Every structure is written in C-alpha cells, then in structure tokens.
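Engineer: As a plain string of letters, each chain reads:
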Amino acid sequence: MSAVVHARGLSKRYGATVALDRVDFDIEAGRIVGLIGPNGAGKTTALKSILGLSEFDGELSVLGFDPRTQRAQLMEQVCFIADVAVLPRWLRVGEAVDFVAGVHPRFSRAKCEAFLANTKVRPTMRVRELSKGMIVQLHLALVMAIDARILILDEPTLGLDILYRKTFYESLLTDYFDENKTIIVTTHQVEEIEHILTDLIFIRDGRIALNASMDEIGERYAEVMVNPDRADAARALKPLNERQIFGKSIFLFDGVERSRLAELGELHKPSIADLFVATMKGTYA
Amino acid sequence: MNTMGWLVKREYWEHRGGFLWAPVWVSVVMLALTLVGIISAEVVGSRVEVSGGVPWDRIAERLNAGDIAHAGAGLDGAFVALAAILCIPLFFVLFFYLLGSLYDDRRDRSVLFWKSLPVTDTATVLSKVIAAVLLAPIIAFVVAIAAYVVLLLIVCGWAALHGINPLPAIASSHPLGLLWRLALTIPVDALWALPTVGWLMFWSAFARSKPFLWAVLVPIFVVIANSWLGMLGAPSFSRSFLVNDVVFRLLFGIVPGAWLQGTGLDLGDRIRGVNSDGEVSTVLAIFDPSVVYALLGTPKLWIGVVVGAALIAASVWLRRTRIETST
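Line order of the protein sequences matches chains U and G. Residue numbers for the first sequence follow my numbering, beginning at 122 and rising by one. Residue numbers for the second sequence follow my numbering, beginning at 7 and rising by one.
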C-alpha cells in the first residue's frame, strides 16, 4: 500500500516560534490516525499544511499532489471539518446542499439528504438557528456524502454533549469509513476515539514523540499493577511512568518483556490517555 | 450550472438584502412619496409642489396642457431619475460588500468551510468581482425598470381621473431607447469600477482587523503627506491629480456613472438639465453609446483597469494563506 500522506522534513515557523521541526511521517490508506498532542504542539499546523492552508518548508505530498500549488484538485479528494461552527451563519441548509452539489463533482445529494432525514435539521433552516450539535450533523452530512479519499477532522466534537459525540464517531465508522478512505483526527478527548483508531501519532513541541499502529502499541507498552513490596523491583526496570491507586503502584513500561512484567503483578493494556500523559510529562514545565 | 455560476449565486444568497431589497425599498419609498404628493395635490386641489419622489409636476402640468412631446420627455426624465436614485444605495452596498468580501468569512472562520471545497481562490475572488460589477448593478437596473412600469401605471390612473388620454405622451417617450442605452452603461461602469473594486478587496484580504480604516485612511494619509511635501518645496503631486485621479478612483469608482465626473457633465447636472429644459433629444443623447463608449478610448480608463486587475491579483494571492484575523 502506498502512503496517502508523505512528509519529509516538514517544518513551519511563526517568527521565532517553531511550530513544526523537520517532521517525517507517512500515513497509509485505509487507516484512522489520531494526531494527538498538547495545546500548541503543532497538530493544527500539520493539518493546515496537509490542506494547503498554510505555507511550509520541506517535502509534503498528499495523494501525490502538492498542497501548496494543487489545492483545488486536492480538495476534490480531501474533506475536512475544522471544528464546530465554521459553517456561515447566514446560510440556509438547503442552500448549503445546493452549493456543495454544484461545486463538488464527488458529492451525492441523495446520500446527504438521507443523512439529514435522520436529524432535526430542515432545509429551510438557517445555520444560525441550529444548535451546535445540529451544525455538526449538517457538516457531517455534507462531508459524508462526498466520496473523498481523506477526511481530516480537527477537534470535530469540541463543545458537543456526549450524545452528539458518540453518534458523530458512530456514523463515521458505520456509514462512511472503508478500506479506501483515510481519516486523520485530532482531539483532546482521546478516550472517546481510542477504540476506533488504527494508528497513533503523538506530537510534542513540533516533533513526533510517537508514531505507531495500535497493534504495535499493544505489543510495546504494558501497564502493571504492583503491590508496594515489589515496587522497587518494578522501578529497577525503568518504567516510563508511575502512579498510585488504592495503595498499589501502576507502572507503565515500554518494550520490557511480558514474562518479566507478569512476575511483578497484574498486566493490562495502557489507555492512550495514560500513555499520552506519560509521554508528555513536563510539557508545560 | 458551472462552479462560477454557483459562486456568484452564493454571493447573492449572502447579500440578498443589499443587492435586491435595498434597491426595492428605495424604489418603493420613491414611488410612495410621489403617490402621496399626487394625492395631497388632488385633495387640496391646487398646484401643490410635489416634493420628493420623481419630478411629477413636469409630467402632470404638461399632460394637462396637452404638451405631449414635453410630457414624454418628462417621463424619460423620470425613468432616468428612478435609475439614478438607486446609484446611491448601490454605492454604499457595494462599498461595504467589497470591504467585507474577503474579510467577513475570515472573521467568522467560515472561510475554513469554503476552503474545504474544490474551488480555486482565483474563482472565489473573481465571483465576488462579478457580483459587485455585474450582478448588483443589473439587479438594481431591473428594479428601476419595474419601478418605472409602476410609475407609468400611476400616470395612467391619474390621467384617467382627469379625463386625459396618457397614451400619446407615453408613445412620445423613449422607454426602450433609454433601456438599452442605460443597460449599455453597465459594462463601462464595470471597467471604470475596477480600481475601486481591487482596492477595497485588497484591504479586505489583507487586513487582520478593520479593513475600512486601511482602505480609507491610507489614501487620506497619502494626500496629507503629499501636501506637506508640497509645502516644504519637495517634489509632490498636484492635489487635484491625487484627489480626482487617484483617491476618487480608488474609493468612488463603484458609483455608476462616476466617469461622468470631471467631464463637466456629471449625472446630477445632466438630470437637472433634462428636467429644466425637457429637451427630448438631450436625455437620449447623453447616454448614447457613441458618447459612453468614447471612454474606452481614454488612457484614464485603461490605466484604472490595469491597476484594478493588479490589486485583484494581489487579493487572490493573499487569499491563499491569509486565513486568520486578530478577532
């Protein structure tokens, strides 16, 4: 399989601040990639570069296109939802559907109307009359009706309640995603997308701190719950992180043999949130 | 429909209020004032001066006197007046439309939605130029035509009330001749407007906040700085060149018929001239294509077109990556 996004030495500076520092990564087709990082780590900058919304240095090709010079062709194959409430408030729902149908060669009006039929969004409504959750439903209906190869989601569920957030990712998975499509998503609500991701990229201070598939992460990282009497033995194995719960210590290990860890205590798979906290230790210090 | 068609339609959806309803309401108010004037004159039963609205007295008195030819000229004058009055709202609508054209969607971040569609920045910017120089003036002109038709109905009603046959007067007017002559001024207006269109769009694309201040204060500052240079004896431009040929063209070129300014034949004078002497030939002659299109032979127009095109190209370039505003 060839990479749909290919970046080598991708850099971006804003004055003296380095937002991206010679980053290399490849994203394969048919993956759901979580781009996770603290505020200001360079996630949005990376997405903006991929979308051709920002100048950058280095090499970057998206579906074989240069995002800086071939934006219009690229956007036929790439969709994106920046965050909620970027739909213009004066626009009517029906006009939005008409317009996208008019300018987008890969848009299916029937699909879009079918998605909208399952919501309370009506064609005569203006965006300003919709709730935040309904705006996202509209935006998602527009985007899911486009047969694109890459979908980019930048904090798509910011400020939504749990019901909307759940259905958002559920519809993406059941009605949209297939092996020909690639989804790149950034969010701070890591725990909610954990189970749908196939790949994980941690980004910190403009550099990639971790780039692995979820399977690799399952093999590499392990959490062990250790009784106090064996805590020192665990510490000797150089854990990434240690935290206390109910008088026991939970250690996070990277690449330590399972059999040795199993002797120390109960093994389980770390959550992305725990892995994230361990990896990003000291970011704001 | 092609992409450009949809983009222009999008502009119409967003600015229906300014492009359509502003000229409609101004016309309605004009006609209502005329009607109120007529009714009050009828009720009082004397020659009460009709103020506001179209120059009704010129039509009515001449019809009463059986002066058919001059009554027809009065009707022609009324048509031009109905079209000319719409130039005022059109100027304000276009001025603020253009200043917001590449700024408002950055401020409310909806630019991210528009940019998520396969549309080039060039097409986006050009669709806004087309909306400003063709769509809005054409809508205003169509509204003026509709208002004139309503006025003719009012004339017929009044004439019937007085037992006068209005048809000879209407037949001696030139609605169709005026219609195509006025319609043909729209392309010339469009070319003449380009420097202003480019200037306002450039600041709209450039500004991180307050495009209005940039677009208006920069020229004012240049004029002031230039006159200081002049006072200090340093080389400077003549004030009238800077004001008439630079600042006016950058800020007021979007007024339809702005090119009449400085020719000694500005629109206001012309209409007043038409009304005072009522010469039938005058109003048609003013808007004769041979007069209007003579402007295409002047370097002034083409220099403006080049400047406007350069500013529009710069706006396209800025539109590519300038997304954030400071608010």
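Incorrect hints may appear among the rest.
[Unchecked claim] Which chain U residues face chain G? A few, computed with CB under 8 Å, are given here: (1) S175; (2) G179; (3) F186; (4) D187; (5) L208; (6) K369; (7) G376; (8) V377.
Just so you know, the hints here were simulated from the structure itself, not pulled from any lab data. Values in this document were obtained by computation on a predicted structure and should not be read as measured data. Don't be surprised by glycine CBs; every beta carbon is placed ideally from N, CA and C.
Engineer: Holds or violated: the hint that D187(U) contacts chain G, with Cβ atoms closer than 8 Å.
Structural biologist: It is violated, given that the least Cβ distance between D187(U) and chain G is near 13 Å, above 8 Å.
Engineer: Hint check: is the beta carbon of G179(U) less than 8 Å from a beta carbon of chain G?
Structural biologist: Not OK, violated: G179(U) not within 8 Å of chain G, min 16 Å.
Engineer: Regarding the hint that V377(U) lies at the interface with chain G, is the smallest CB-CB distance below 8 Å?
Structural biologist: V377(U) check fails; min Cβ-Cβ to chain G is 44 Å, beyond 8 Å.
Engineer: Does S175(U) pass the interface check with chain G, least Cβ-Cβ distance below 8 Å?
Structural biologist: holds (6 Å)
Engineer: Would you settle whether the hint for G376(U) is holds or violated, based on the nearest Cβ-Cβ distance to chain G being less than 8 Å?
Structural biologist: Violated - the Cβ of G376(U) stays beyond 8 Å from chain G, reaching only about 40 Å at its closest.
Engineer: Grab the minimum C-beta distance from L208(U) to chain G and call the hint holds if it beats 8 Å, violated otherwise.
Structural biologist: holds (5 Å)
Engineer: Holds or violated: is there a CB of chain G closer than 8 Å to the CB of F186(U)?
Structural biologist: Constraint on F186(U) not satisfied, violated at 11 Å.
Engineer: Hold the hint about K369(U) up to the distance rule: shortest CB distance to chain G must be less than 8 Å.
Structural biologist: violated (47 Å)
When the structure is compared with the earlier hints, violations turn up for hints 2, 3, 4, 6, 7 and 8 and for no others.
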